[in-house]
Amino acid sequence: MSQTTDDGLVRPGVGGGLADVVRARFLLKLLVRKELKVRYRGSVLGLLWSYVKPGVQFIVFYIALGVFLGLEKSPRNENGLPNYAIYLFSGIVLINFFTEALGNASRSIVGNGGLIKKIYLPRQLFPVASVWVSAVHFFPQLVILVAACLFAGWHPSVFQLGAAVLGFVIVALLSTGLGLLFGAANVYFRDSENFVDMLLMVATWASPVMYSWTMVQDKLGPVWFTLYQVNPITVAVETFHWAFWLPTTDGSTPVPPHLLSIWLPVGLVVSALVLLWGQLTFRRLEGRFAQEL
Amino acid sequence: MTTAIEVRGINKQFVLRHTRSIKEAFVWLMKGRKGDLSAKFHALRDVDLTVAQGETVALLGFNGSGKSTLLKHISGVMIPDSGTVRTRGRVAGLIEVGAGFHHDLSGRDNVYLNGAILGMTEAQIKERFDSIVEFAEIGEFIDTEVKFYSSGMYLRLAFSVAVHTDPEVFLVDEILAVGDEPFQKKCIAKIQELAAEGKTLVVVSHDLDLVARICDRGVLLDHGNVMFDGPIDEAVARMRGQR
Ligand SMILES: Nc1ncnc2c1ncn2[C@@H]1O[C@H](COP(=O)(O)OP(=O)(O)O)[C@@H](O)[C@H]1O
Ligand SMILES: [Mg+2]
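Chains as they are written, first to last, in our numbering: chain A, 1 to 293; chain B, 1001 to 1243.
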């Protein structure tokens, strides 16, 4: 927790970054549990909200985009995506995870200001706990996704399942990194929350959640499409499509080129770099949290 | 003599910022940085303080003299602009007890959460749990949400968790001013017991008679400067003389 010097005296308040979070994992567990308990206390539907909200969102998107805008393949619309409902949902669960994780992590430092300015504890715990709570909420959605896939004749390979895990890891790393960054920035500029909200809106549309990646390639051409692919969320969503949606279809829809050989590793590296950047910025700024809050 | 707290030449300036938004900062930049976005304020000036293990020190001074700020530097909540702070062993603050409490959780959950926030391990909390509840005199209410507690019960539980963290160094800031009479007596008795056990104590209180009873040494702060450091009776006499 602190920096030791040779004579047994330590400098208080000089943290070890994310390593401290690993050391304080019992506290992390309690913070996550508190968050879950408090959030669902007194709400009649309890944990059901984790199903209802994405459920309604999904239905709205499905009808508007799949039916009205004709993204779904049907006898009258041969160019659409087969099983569009599963295509859409497998992307939405990941975007929901990202949106909730980053939104809450960005607010977590200011939100826990009362504690941070009175007691020293590893402050990285708060953004990490926010991401963790969102991962807990992601789980029931994943269960529904898997159930729907099985219903549609899902037969994934081990590689596809492994790739899905990596897709999830990409989003978790990215939201932790950006959460540390904006959580710290929010202490200094309270309106950085608005910036995060904007970013989250863009994130939903800047990856192939609602539409197909081929549409992007057709319009943008190879150079800009490469840039589009550098976005780790794009890669994670495409990975989820490959793992969950493609095995429920006849498999004739093309997968983005080099998804596994190049883009999946690139996505992991970009997310890891963002995490490193967030962590470094956080550590540079955290010394002044107590006085700025 | 082993050093428990070593504060060497620390300075702390607070920036009194007039803006909290990117928008205002941007406007300020565009207007050619006219006017000051922030003013500076010296809260601690070249403060030196070495406390040996087992010493009991009172920090005295008027409101705004920097007592709480100094304690925050010792606990690590704040980092000095220059100079160094070093401590030995675990430091726990009895600073606004209950800071880590959550109203919607039961007393039991709060004991675990607050204990972990104050640095206890799971095993330590389990082991001391009964003792914490007993000291707090909470009894069967331990599984009730703390929002239903009276303020006395709430304070007793929070204080009880804090004293059970069993650190080497205790920082006490004004908490003796809260709670009802019997609770205050109990707290003071506990603090005297800790002092007798040889714990290092740094106490901030406006009750000069009380600190004269608990502490051996007094440090007088004024506008962030150490004005006096010596025996408690002399420090208290100077403090009284200033009034
Ligand atoms: N976070 C902060 N930002 C700006 N000024 C502060 C901050 N904390 C304390 N101060 C100022 O520093 C001075 C010393 O405060 P403090 O240490 O709380 O005094 P004391 O505990 O002796 O009453 C006060 O004038 C207070 O207004
Ligand atoms: Mg004070």
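Keep in mind that a hint or two might mislead.
Interface residues of chain B toward chain A, partial, derived using beta-carbon atoms under 8 Å [to be verified]:
{"#": "1", "residue": "M1001"}
{"#": "2", "residue": "I1022"}
{"#": "3", "residue": "K1072"}
{"#": "4", "residue": "V1077"}
{"#": "5", "residue": "M1078"}
{"#": "6", "residue": "S1082"}
{"#": "7", "residue": "T1087"}
{"#": "8", "residue": "G1093"}
{"#": "9", "residue": "L1105"}
{"#": "10", "residue": "D1180"}
{"#": "11", "residue": "F1183"}
List of simulated lysine-lysine pairs, DSSO-like, C-alpha gap at most 30 Å [unchecked claim]:
{"#": "12", "chain 1": "A", "residue 1": "K53", "chain 2": "A", "residue 2": "K117"}
{"#": "13", "chain 1": "A", "residue 1": "K29", "chain 2": "B", "residue 2": "K1126"}
{"#": "14", "chain 1": "A", "residue 1": "K219", "chain 2": "A", "residue 2": "K117"}
{"#": "15", "chain 1": "A", "residue 1": "K117", "chain 2": "B", "residue 2": "K1040"}
{"#": "16", "chain 1": "B", "residue 1": "K1190", "chain 2": "B", "residue 2": "K1147"}
{"#": "17", "chain 1": "A", "residue 1": "K37", "chain 2": "B", "residue 2": "K1126"}
{"#": "18", "chain 1": "A", "residue 1": "K34", "chain 2": "B", "residue 2": "K1023"}
{"#": "19", "chain 1": "B", "residue 1": "K1147", "chain 2": "A", "residue 2": "K117"}
{"#": "20", "chain 1": "A", "residue 1": "K37", "chain 2": "B", "residue 2": "K1185"}
{"#": "21", "chain 1": "B", "residue 1": "K1023", "chain 2": "A", "residue 2": "K29"}
{"#": "22", "chain 1": "A", "residue 1": "K53", "chain 2": "A", "residue 2": "K37"}
{"#": "23", "chain 1": "B", "residue 1": "K1185", "chain 2": "B", "residue 2": "K1147"}
{"#": "24", "chain 1": "A", "residue 1": "K34", "chain 2": "B", "residue 2": "K1040"}
{"#": "25", "chain 1": "B", "residue 1": "K1186", "chain 2": "A", "residue 2": "K117"}
{"#": "26", "chain 1": "B", "residue 1": "K1147", "chain 2": "B", "residue 2": "K1126"}
{"#": "27", "chain 1": "A", "residue 1": "K117", "chain 2": "B", "residue 2": "K1031"}
{"#": "28", "chain 1": "B", "residue 1": "K1126", "chain 2": "A", "residue 2": "K117"}
{"#": "29", "chain 1": "A", "residue 1": "K117", "chain 2": "B", "residue 2": "K1023"}
Which chain B residues face chain A? A few, computed with CB under 7 Å, are given here [to be verified]:
{"#": "30", "residue": "S1021"}
{"#": "31", "residue": "G1076"}
{"#": "32", "residue": "Y1112"}
{"#": "33", "residue": "L1113"}
{"#": "34", "residue": "A1116"}
{"#": "35", "residue": "I1117"}
{"#": "36", "residue": "N1225"}
{"#": "37", "residue": "V1226"}
{"#": "38", "residue": "F1228"}
{"#": "39", "residue": "P1231"}
{"#": "40", "residue": "D1233"}
Source of the hints: derived by calculation from the structure; they are not laboratory data. Glycine residues also receive a C-beta, built at the ideal position from the N, C-alpha and C atoms.
To see whether the hints hold, each was checked on the structure:
1. M1001: Interface hint status for B/M1001: violated (13 Å vs cutoff 8 Å).
2. I1022: holds (5 Å)
3. K1072: Interface hint status for B/K1072: holds (6 Å vs cutoff 8 Å).
4. V1077: holds (5 Å)
5. M1078: This interface hint holds because 5 Å falls under the 8 Å limit.
6. S1082: violated (13 Å)
7. T1087: holds (5 Å)
8. G1093: holds (6 Å)
9. L1105: holds (6 Å)
10. D1180: violated (23 Å)
11. F1183: violated (20 Å)
12. A/K53 x A/K117: The given pair, whose Cα atoms are some 35 Å apart, is violated under the 30 Å limit.
13. A/K29 x B/K1126: holds (16 Å)
14. A/K219 x A/K117: violated (51 Å)
15. A/K117 x B/K1040: holds (19 Å)
16. B/K1190 x B/K1147: Given that 30 Å is the threshold and the Cα spacing comes to 26 Å, the pair holds.
17. A/K37 x B/K1126: holds (21 Å)
18. A/K34 x B/K1023: Outside the cut-off at roughly 35 Å; violated.
19. B/K1147 x A/K117: holds (23 Å)
20. A/K37 x B/K1185: Not OK: A/K37 and B/K1185 at ~36 Å, beyond 30 Å, violated.
21. B/K1023 x A/K29: Between B/K1023 and A/K29 the Cα gap is close to 37 Å, so the pair fails against 30 Å, i.e. violated.
22. A/K53 x A/K37: holds (18 Å)
23. B/K1185 x B/K1147: The hint holds at about 24 Å.
24. A/K34 x B/K1040: violated (38 Å)
25. B/K1186 x A/K117: Holds - the C-alpha atoms of A/K117 and B/K1186 are around 27 Å apart, at most 30 Å.
26. B/K1147 x B/K1126: Holds, at about 23 Å.
27. A/K117 x B/K1031: violated (34 Å)
28. B/K1126 x A/K117: Holds, at about 27 Å.
29. A/K117 x B/K1023: holds (26 Å)
30. S1021: holds (4 Å)
31. G1076: holds (3 Å)
32. Y1112: Holds, about 6 Å.
33. L1113: holds (5 Å)
34. A1116: holds (4 Å)
35. I1117: holds (6 Å)
36. N1225: Because about 19 Å separates B/N1225 from the closest Cβ in chain A, which is outside the 7 Å limit, the hint is violated.
37. V1226: violated (20 Å)
38. F1228: Cβ of B/F1228 sits 25 Å from chain A, so the hint is violated.
39. P1231: Nearest chain A Cβ about 26 Å off; hint violated.
40. D1233: violated (30 Å)
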